[in-house]
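**Student:** Make the full structure from the sequences, and use the hints.
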Amino acid sequence: MYKSPEELEWGYRTTQTDVYSFAVTIYSMYTLKPLFVSKAHSYGKGLVQIVNHGHDSIFGALKPEAMIDDLWEVVRICWAMDPSRRPSMAEVDGMLARLREDSK
Numbered sequence: 001m002y003k004s005p006e007e008l009e010w011g012y013r014t015t016q017t018d019v020y021s022f023a024v025t026i027y028s029m030y031t032l033k034p035l036f037v038s039k040a041h042s043y044g045k046g047l048v049q050i051v052n053h054g055h056d057s058i059f060g061a062l063k064p065e066a067m068i069d070d071l072w073e074v075v076r077i078c079w080a081m082d083p084s085r086r087p088s089m090a091e092v093d094g095m096l097a098r099l100r101e102d103s104k
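One point on numbering: in full-length UniProt numbering, the residue at position 66 of the sequence shown is 66, and numbering is uninterrupted.
FYI, nobody ran anything at the bench for these hints, they're computed from the structure.
Backbone N, C-alpha and C fix where the C-beta goes; we use that ideal spot for every residue, glycine too.
One should not assume that every hint holds.
[Unchecked claim] Here are the in silico distance ranges between beta carbons for each label pair:
hint, residue 1, residue 2, range
1, P87, M29, 28 to 34 Å
2, L99, G11, 32 to 38 Å
3, R13, A90, 14 to 20 Å
4, E9, R100, 30 to 36 Å
**Tutor:** Okay, here's the thing in structure tokens:
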């Protein structure tokens, strides 16, 4: 379930699908659970929801407790439904570098 809506629906992969998957991976690392474990959604229902509306439609209001707000914003930007609205991984790297600097 780490795939982007466009990869789930059409099966193609791009650098933008990688950015999406990166965001979902970060989310899962903070929750320490596979997706849908803590939600009432079944896997099939969740899959349909993600294809139609993206991960944010299910998980957007469920920021992991241990995740800082600025990292949560990076995750939400990276899993944008529209691939053209997702940053490149170089941009994500820059965002994460700024977060590291700000935390010093």
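**Student:** Against the structure, test the hints numbered earlier, and report the numbers of the ones violated in rising order.
**Tutor:** 1
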